[in-house]
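Sequence lines, in order, name chains A and B.
Residue numbers 1 to 446, in the UniProt record's numbering, belong to the letters of the first sequence in order.
Residue numbers 1 to 112, in the UniProt record's numbering, belong to the letters of the second sequence in order.
Since the hints were made in silico from the structure, they are not lab data.
Check each hint, because a few of them may be wrong.
Listed next, the stretches of chain A that the computed footprint assigns to chain B, with coverage defined by at least 3 CB atoms under 8 Å from CB atoms of chain B [stated by the list, open to error]:
| # | region |
| --- | --- |
| 1 | 196-209 |
| 2 | 269-282 |
| 3 | 304-310 |
Listed below are the simulated EDC-like cross-link pairs for lysine to aspartate or glutamate, each with C-alpha atoms no more than 16 Å apart in a straight line [claimed, not checked]:
| # | chain 1 | residue 1 | chain 2 | residue 2 |
| --- | --- | --- | --- | --- |
| 4 | A | Lys265 | B | Glu62 |
| 5 | A | Lys204 | B | Asp54 |
| 6 | B | Lys2 | B | Asp110 |
| 7 | A | Lys203 | B | Glu50 |
| 8 | A | Lys369 | A | Glu169 |
| 9 | A | Lys204 | B | Glu50 |
| 10 | A | Lys319 | B | Glu50 |
| 11 | A | Lys14 | A | Asp80 |
| 12 | A | Lys48 | A | Asp205 |
| 13 | B | Lys2 | B | Glu62 |
| 14 | A | Lys265 | B | Asp110 |
| 15 | A | Lys14 | A | Asp96 |
| 16 | A | Lys350 | A | Asp239 |
The beta carbon of each residue, even a glycine, is placed where N, CA and C say it ideally should be.
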Amino acid sequence: MASAAITLAAEAPKLSAANTGFMLICSALVLLMTPGLAFFYGGMVRVKSTLNMLMMSFISIGIVTILWVVYGFSLAFGTDKGGLIGWTSGWVGLSDIGTADLWDGYTIPILAFLVFQLMFAIITPALISGALADRVKFSAWALFVALWATIVYFPVAHWVWGAGGWAFELGVIDFAGGTAVHINAGAAALGVILVIGKRVGFKKDPMRPHSLPLVMLGAGLLWFGWFGFNAGSWLGNDDGVGSLMFVNTQVATAAAMLAWLIYEKIRHGAFTTLGAASGAVAGLVAITPSGGAVTPVGAIAVGAIAGLLCAMAVGLKYKLGYDDSLDVVGVHLVGGVVGSLLIGFFASGKGQSEVQGLFYGGGLDQFWKQCAGVFAVLGYSLVVSAILAFLLDKTIGMRVPEDVEIAGIDQAEHAETAYDFSGAGGGAARTSVPAAVGGASKKVDA
Amino acid sequence: MKLITAVVKPHRLDEIKEALQAFGVHGLTVTEASGYGRQRGHTEVYRGAEYTVDLVPKIRIEVLAEDDDAEGLIDVIVKAARTGKIGDGKVWSLPVETAVRVRTGERGPDAL
Chain A
1 MASAAITLAA
11 EAPKLSAANT
21 GFMLICSALV
31 LLMTPGLAFF
41 YGGMVRVKST
51 LNMLMMSFIS
61 IGIVTILWVV
71 YGFSLAFGTD
81 KGGLIGWTSG
91 WVGLSDIGTA
101 DLWDGYTIPI
111 LAFLVFQLMF
121 AIITPALISG
131 ALADRVKFSA
141 WALFVALWAT
151 IVYFPVAHWV
161 WGAGGWAFEL
171 GVIDFAGGTA
181 VHINAGAAAL
191 GVILVIGKRV
201 GFKKDPMRPH
211 SLPLVMLGAG
221 LLWFGWFGFN
231 AGSWLGNDDG
241 VGSLMFVNTQ
251 VATAAAMLAW
261 LIYEKIRHGA
271 FTTLGAASGA
281 VAGLVAITPS
291 GGAVTPVGAI
301 AVGAIAGLLC
311 AMAVGLKYKL
321 GYDDSLDVVG
331 VHLVGGVVGS
341 LLIGFFASGK
351 GQSEVQGLFY
361 GGGLDQFWKQ
371 CAGVFAVLGY
381 SLVVSAILAF
391 LLDKTIGMRV
401 PEDVEIAGID
411 QAEHAETAYD
421 FSGAGGGAAR
431 TSVPAAVGGA
441 SKKVDA
Chain B
1 MKLITAVVKP
11 HRLDEIKEAL
21 QAFGVHGLTV
31 TEASGYGRQR
41 GHTEVYRGAE
51 YTVDLVPKIR
61 IEVLAEDDDA
71 EGLIDVIVKA
81 ARTGKIGDGK
91 VWSLPVETAV
101 RVRTGERGPD
111 AL
C-alpha cells in the first residue's frame, strides 16, 4: 500500500468512483471468505461438531464488526503512537468521519477503506478456530476473539500497515496480510493449543473429515473472495499493480495445488480432494504478502514451494504431539512464513516497488527485513495468545467437559444438530411448538 | 414361512431387485448397513494421515417367503449378487412364526 501513496501524493487525490466501487466490491468479497472458511473448516470436522466449527468463524463477523466501529479502526489505523499502536479519538464510533473524507493519499473514502480493513480483522481470529476444533466453550471463544482482536490483531495491523507502524517504516513488505493475518493467526493457534491441549482421542480415534464436498465449497469461496483480499489491498487501480496481484493470486494458487497433489501422490499414493483444497489455500496464503513484489513466474515458484512445504508440515503435529486440529499452523503459519520470506529472494523490482530480492540482484537486505517482520509478529502473537488462553482457562475455563466433547459439542453448546439423516424427517423427536406459532407453549407430539 | 436376509454389495441392489421380481416376489425391505467379512476394510488418506476403514458400506435385503420358495429364492439372490470378487456378502434364512398384513389383518402366507 505504501508506494501508491507516494506516487499519488504529488497532487491532492480526488475521489475516484471507479476505485471506490471496486473497493466496496472487494470488501464484500473479503467478507465472503469468512463463511467460506467456515465451510472449509466445517467439512473437516466430525458430524458432531460441525455447527460449532461453522459458528466459531461466523461469530467473529458479529464481534469484530462492533469492536472495529467502537475502537478497532482507531487502534489499527489512527495516528501512530511510538510505532506500536494507533489512536485517533475522533474515530471512536467512526463519529468524525465524513462521507466525503478521503483516506490519506488515496482516491477512496475513509469509509471504504475502513470497511475493507474490517473484513481482514474479521477473518484473522476466525482462522485460529481451525486449530481448536471440537473442544472449546463457545462463550470462552467469543471472549477470546474480542480480547485477541484488541491486544493482538489491532496492534499488529498497525505495525504492518499503519502509517508510522514500525514494520511499515522499516520496509517490511506485506501486500495483503502474510504477516498481519496468516502468520499472526497461525502463531496464535499454536499458542492456544499449547495451553488447552489435545482433543480427546487425538492420535487414537479416527477423526476423518465428515464432508469433503463442504471443504471444496469452502476452498472455492476462499479462492474467489481472496481476489478481493489481495487485489483490493492496493486500494485502487490507477497503476496496474492490483492487476498484477490478481494474476499472481491465481498463478500461485494453481501452482500450490499441483505441488501438494504431486507430493501426496508420491508420498501417499493418491490425489486427494483434501490435498487439492489445502494446496490451493496454502498457495493463497503464500502469495498474500508477496504477490505485489514478484513476477508471475516468481508466483509459480512461491506457490509451488509453499504447496510442497505445507504438505510436508501438516504431518508434524503427529510427530510432535500437538493437536493443530485442522492444520492452521501447518498451512497458515508455514505458508505465511514461506511467502513472506521468499519476497527476499523473488522480489523483482517491477511490481509494487523497486525493491529487489536476492535472485534479482538486490542482495539479502530485503530478506533480513522480512525476517524481522515475520519473527516479531510470530513471537508476539504466539506469546500473547498463549497467555490470553491461559488466563481465560484459569478463570472461565476454555474447554468443554470431556463427556460433552465426546458426545459432540454441537448439542451442548448450540442445542442443535447439523444434519437430520432420518427418513422420518425428525419425527422421532418430541418438540414443543414455539408460542408464537402454536399459540401455546405446551408440549405436543411432533 | 422363512425370513431371508442378504447382506450384499450396494451396487448389486438393482440386479437383485429385478431377479426377485422375475421370481414373483411382491415386496422386500432394504436397509443401508455396514460391516466386514473376510475382505476387511480399506485405507483412506487425509492430509497424510492414513485411516483403516473397517466397516464397508453394504445393503441388507430382507424378504419373507413361503417355505417351498425359500431355497429357490436364495439361489436367485446369490446368483444376482455374485461378482466373484471378495466382499460379495452373505445370504441366510430363518424360520418365521407369523406375519400380518397391517391394512387387512390377513395372517400367515396370505399376508405375503
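>> Going through the numbered hints above, which ones does this structure break? Give me the numbers in ascending order.
In response: 3, 4, 11, 14, 15
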